[in-house]
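S.K.: Go ahead and model the full structure; you've got the sequences and the hints to work with.
Number of protein chains: 4
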Amino acid sequence: MRDPATDKQEAILRTALTLFTERGFFGTPTSLISKEAGVATGTLFFYFRTKEELIDTLYRRIKEDAAAAMCRGIEKEKSVKAKLYRIGLNAVAWGTEHPEKIKFMEQFAHSQFVSTTAQEEGMSRFLFLMDLIREGILQGTVKDLDPELLVSLMASSMSGLIAKASSAATPSEREMIVAQGLDFIWDGLKA
Amino acid sequence: MRDPATDKQEAILRTALTLFTERGFFGTPTSLISKEAGVATGTLFFYFRTKEELIDTLYRRIKEDAAAAMCRGIEKEKSVKAKLYRIGLNAVAWGTEHPEKIKFMEQFAHSQFVSTTAQEEGMSRFLFLMDLIREGILQGTVKDLDPELLVSLMASSMSGLIAKASSAATPSEREMIVAQGLDFIWDGLKA
Amino acid sequence: MRDPATDKQEAILRTALTLFTERGFFGTPTSLISKEAGVATGTLFFYFRTKEELIDTLYRRIKEDAAAAMCRGIEKEKSVKAKLYRIGLNAVAWGTEHPEKIKFMEQFAHSQFVSTTAQEEGMSRFLFLMDLIREGILQGTVKDLDPELLVSLMASSMSGLIAKASSAATPSEREMIVAQGLDFIWDGLKA
Amino acid sequence: MRDPATDKQEAILRTALTLFTERGFFGTPTSLISKEAGVATGTLFFYFRTKEELIDTLYRRIKEDAAAAMCRGIEKEKSVKAKLYRIGLNAVAWGTEHPEKIKFMEQFAHSQFVSTTAQEEGMSRFLFLMDLIREGILQGTVKDLDPELLVSLMASSMSGLIAKASSAATPSEREMIVAQGLDFIWDGLKA
DNA sequence: TATGAATGAGGCTTCATTCAT
DNA sequence: TATGAATGAAGCCTCATTCAT
Chain A
1 MRDPATDKQE AILRTALTLF TERGFFGTPT SLISKEAGVA TGTLFFYFRT
51 KEELIDTLYR RIKEDAAAAM CRGIEKEKSV KAKLYRIGLN AVAWGTEHPE
101 KIKFMEQFAH SQFVSTTAQE EGMSRFLFLM DLIREGILQG TVKDLDPELL
151 VSLMASSMSG LIAKASSAAT PSEREMIVAQ GLDFIWDGLK A
Chain B
1 MRDPATDKQE AILRTALTLF TERGFFGTPT SLISKEAGVA TGTLFFYFRT
51 KEELIDTLYR RIKEDAAAAM CRGIEKEKSV KAKLYRIGLN AVAWGTEHPE
101 KIKFMEQFAH SQFVSTTAQE EGMSRFLFLM DLIREGILQG TVKDLDPELL
151 VSLMASSMSG LIAKASSAAT PSEREMIVAQ GLDFIWDGLK A
Chain C
1 MRDPATDKQE AILRTALTLF TERGFFGTPT SLISKEAGVA TGTLFFYFRT
51 KEELIDTLYR RIKEDAAAAM CRGIEKEKSV KAKLYRIGLN AVAWGTEHPE
101 KIKFMEQFAH SQFVSTTAQE EGMSRFLFLM DLIREGILQG TVKDLDPELL
151 VSLMASSMSG LIAKASSAAT PSEREMIVAQ GLDFIWDGLK A
Chain D
1 MRDPATDKQE AILRTALTLF TERGFFGTPT SLISKEAGVA TGTLFFYFRT
51 KEELIDTLYR RIKEDAAAAM CRGIEKEKSV KAKLYRIGLN AVAWGTEHPE
101 KIKFMEQFAH SQFVSTTAQE EGMSRFLFLM DLIREGILQG TVKDLDPELL
151 VSLMASSMSG LIAKASSAAT PSEREMIVAQ GLDFIWDGLK A
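One line per chain: the protein sequences are A, B, C and D, in this order.
Heads up: the first sequence begins at 1 in our numbering, then just goes up one per residue.
Heads up: the second sequence begins at 1 in our numbering, then just goes up one per residue.
Heads up: the third sequence begins at 1 in our numbering, then just goes up one per residue.
Heads up: the fourth sequence begins at 1 in our numbering, then just goes up one per residue.
If a hint is listed, it holds; no wrong ones were tucked in.
Since the list gives no way to pick out one identical chain from another, each pair is judged satisfied if it fits inside one copy or across any two copies.
Derived DSS-like pairs: lysine-lysine, alpha-carbon spacing no greater than 25 Å straight-line:
(1) K51 / K35
(2) K143 / K190
(3) K51 / K103
(4) K190 / K81
Everything labelled a hint here was simulated from the structure, so no lab data went into it.
M.R.: In structure tokens form, the structure reads like this:
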């Protein structure tokens, strides 16, 4: 069923993600990636022309994955508030399930190393958040401020919340942290 | 008048900060730092045994600087809310005045490259924030939640706010962003 | 016909031996070795992870070579005395034919630089000498002293003899030196 | 009573000897020597213009010391054999008392690093050995061979003997080793 | 005499990338 | 597609030596 060629590419991406989060972009030689992935050095460069391209590809995949995860079930919610809570819950769930991906994204965002094209492109995937905020403003449930500012504040608090939630000792403790954190954010947003 | 020995060390630190924020830790060879600082290669390693030690030293300096800047004038404020606003204003002011330092700190925080000793040590400088939140809880003006969580949420939103404020086109626009951002944070915190 | 990969490794070893004996371990940069061997810098480190590993490998090869050379034809000799003479002749012949190898071994033996693992391991190759001495003692033709002491004395005189023989002007002079040197050693050993 | 200046020079020489034998010439930076000797980096280069000059000076001192030690009491002995035994005993005694000096000499002798001037010059101090051998030949007690060869054989066996004697567990064991070793050498030399 | 900050050439090694097979 | 030997530029760091004080 599987294309064996694609399998190698996938193995490289999977291994790269693990190693990058464990050792950083610069602490991870491409030779190590190929060794751990069980392919030859040349194979990596057959699928990705440069190390940077490998990193970019990884970035796009993860961003896509994150966006998809956050939207899940959002259409079932009615109010803007409920939708934002759903997004928050999804985000935290995804973040705690894939801590390597979160770590990768953060490393990527703060590395001067990488081409900014991928960085900007990725932003577009979160435009639905902006739309949601705008909707809330129109309805009068969200503060009538610059939507960009609100999205930015929301996103940054969310990233702090995910970090905190990931370090929770038990699932129930995590749930409480998430609930309180989402309240913080909503109280900050609401009109 | 100046101690010439100290001058060279300072020149290295100053140059390193600029280059690290422009090109990243790994994009900045030590040879470039010494050249730009106007000293010999060996001189850098006379003052800092390794590149890592240079980065750590820079980190500690900046953290210290940031903590001092944030506390400025805090004793004049009476209420917890006023104190938090003052801290917020200070933080944003410092961040927009020293964008390289902000950039450096973020890069440092997300780099697997660097020893975590400096990282943990740095945290201790911000314990006063925790104390302030605790005071607010006791007074009933702040939500009665885990203070660590609140500090974490506050700090992360603040970092988003600083980024937004730094990109403001005019001072008056910046002021507005800051005011709105601090309202967001306070509304999230308040009981 | 030749494995081209092995050829490069051999070229490196051959060049390294020459340069090490001419200029010493520390007077020979790895960059010079690779240049003279006609390979890239990286190639040397592809075959030998460190300079030390290169030196160790060279040491083991030479030790092996020496041991093999010394044993040559020994089985044809009957008496212990004849065997010892044969070994002595072999040793001197090998030493004068490969002065670089002798020089390398001496430099290696007296360099704190190098791992002692290779050093000890090498000793095992000369256990047959000990056995021969023991046999002579049992037969009553060799002094009944600690065999280790006798081997040690024999080996050290032999190294002096090789040095002297190598500096002989003519082959016939060399033969005479060797004959006299072996007499010295045998007279020292015999009961 | 002591010239304080001379004290520093002596401290440097003493420290250098220790460090050189422990870590090798190349494993011992001059900076470490000065630090351990308790002087400034510049001071070392005030007394010795280069590192090489320091090593050479050390070499000459030790060679002188060794020659003096070996001759001790030789005039009391009558026969050539007795004199050679006395020299042998002296040599072993000196060698086991000053293992660092032996180690230093060997390292020096096999290092391409160092100027050969000092090396050759040092040889002259042992001409008395040659004279002694010549005397033995004239008397008919020593083999009538090239005296240079005999001295060379004797010297090299002696160095093996010293190594063996130094590793003796008890003084009485050492004495036995030395007696047997000197017998080996004399039996090799005698007519 | 003595100091130690400063120098800079040079050493070892790494690693992204290529290319013949 | 896949391999892995080979490349060589470039990085970090060492250390003998100098010189102003």
